[in-house]
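Q: Sequence:
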Amino acid sequence: MFKRIILIFIAITVFAVSSSSLAQLRENDNPGADQPDDSALLGDDLFPTNLENITLKINKDSGIAILDSGYSRHAGMFFGMFLPVRMIAENEVHDISSAIRLLIIPSGGITSIEDREKIRVVLKNYVKEGGTLLVFSQRVGSDYSILPVPDGKPLTSSGWIEDQSTLSSSSILSMMHPIVSRLTSSTLNFNIDGSIESFPDRSKPLLRNRVSGQPVMIVYKYGKGTVIATALFTDWAYMHQRATWDEINLFTGLIKWTGLTPEELSTQNNPITGSKAPMPVSLPPLGFSLQSDNEIYLAGDKADFTIRLWNNENRARRIKIYYDGKGEFRELLPKGSTKLSYSFPVYSARRLWVYFYDENEIFLQTIRRGYSVVYP
Numbered sequence: 003m004f005k006r007i008i009l010i011f012i013a014i015t016v017f018a019v020s021s022s023s024l025a026q027l028r029e030n031d032n033p034g035a036d037q038p039d040d041s042a043l044l045g046d047d048l049f050p051t052n053l054e055n056i057t058l059k060i061n062k063d064s065g066i067a068i069l070d071s072g073y074s075r076h077a078g079m080f081f082g083m084f085l086p087v088r089m090i091a092e093n094e095v096h097d098i099s100s101a102i103r104l105l106i107i108p109s110g111g112i113t114s115i116e117d118r119e120k121i122r123v124v125l126k127n128y129v130k131e132g133g134t135l136l137v138f139s140q141r142v143g144s145d146y147s148i149l150p151v152p153d154g155k156p157l158t159s160s161g162w163i164e165d166q167s168t169l170s171s172s173s174i175l176s177m178m179h180p181i182v183s184r185l186t187s188s189t190l191n192f193n194i195d196g197s198i199e200s201f202p203d204r205s206k207p208l209l210r211n212r213v214s215g216q217p218v219m220i221v222y223k224y225g226k227g228t229v230i231a232t233a234l235f236t237d238w239a240y241m242h243q244r245a246t247w248d249e250i251n252l253f254t255g256l257i258k259w260t261g262l263t264p265e266e267l268s269t270q271n272n273p274i275t276g277s278k279a280p281m282p283v284s285l286p287p288l289g290f291s292l293q294s295d296n297e298i299y300l301a302g303d304k305a306d307f308t309i310r311l312w313n314n315e316n317r318a319r320r321i322k323i324y325y326d327g328k329g330e331f332r333e334l335l336p337k338g339s340t341k342l343s344y345s346f347p348v349y350s351a352r353r354l355w356v357y358f359y360d361e362n363e364i365f366l367q368t369i370r371r372g373y374s375v376v377y378p
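Just add 2 to wherever you are in the sequence shown, counting from 1, and you've got my numbering.
Because the hints were derived from the structure by calculation, they are not lab data. Just so it is clear, the structure is predicted and the values come from calculations on it, not from any experiment. Among the hints, a few may not be true.
The calculated label-pair distances, taken between Cβ atoms and stated as ranges, are [what the hints assert, rightly or not]: (1) D306 - L335: 18 to 28 Å; (2) R353 - K155: 25 to 35 Å; (3) Y357 - K62: 50 to 60 Å; (4) S339 - E363: 15 to 25 Å.
The beta carbon of each residue, even a glycine, is placed where N, CA and C say it ideally should be.
Please model the entire structure based on the sequences and the hints provided.
A: Below, the structure written as structure tokens:
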């Protein structure tokens, strides 16, 4: 009897620890979970979100449809500020109506799709016949492979568990387009987590990460329609009171570009009032990023990090990289890129910091990558 009690106690303890670990995994596995929230630094640049008054506005005939997967409720609440939306479950996706002007895959929406091949075909036909597909940040870069792309260069990306999220002055305007016509600055506060690493020919990279220079929003044609692939997680951010006026203005412009008429959300705090159109920003001379194979590890797991550098100049560069007490030089050809890998076992949550210096030991940039550790 005593042994049975001991065994039951051990089983309950193990279950409790495992449940706690699983709960922590779920809590941390979302965009923006890899660093402290820096939205408090933005003040009036944040969109005032009153969570008590938010409702999901549904209209089964709406021109905006959201795939009911991932953070679809967050996306529905966000886009419901502009127009009522319709929600489409995966088992309802057979032949998307041409009356849908904008189809949205929310943050994390691809990860939980059960029949990817079916959805791949549906998306391909929808865009090919003239639809507009908008995709928010996904969990892993391979999720983006479901999107329709023209023949030639593929679309490859990194997802939120592989990249570092950022918000304050995170992005730069890289080219003009009607979608970005309502933006008021060349340097923008967007909730981004992930990046687009390669993209189809003739794509238009509208927005880029300010530090790496890599795209975080691209637009490209497919058949008669358009794909808008992004690393933004504005939908999730909105329900966590982190959406910004820059994002409100961006998606107002995007909805108008599709031919729909969104509700105007301008107030006295919206910086669009009286502002001049911004000018696109050139690529930074050097770009830097730090990625990892995950951002939530079990204690003792090996974490694999990749430090990337891009040289956007017409001259060779020699860059010194410091990280974890180590120092290395990397040679960069004109318009070239390079990377280095670093792996180590993890036992507690922390950040890996990386520092970059030029040929004359002049400081260039600091980047960091946060990760969490759970105990089984």
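Q: Sort out which numbered hints this structure fails and list those numbers smallest first.
A: Result: no hint breaks.
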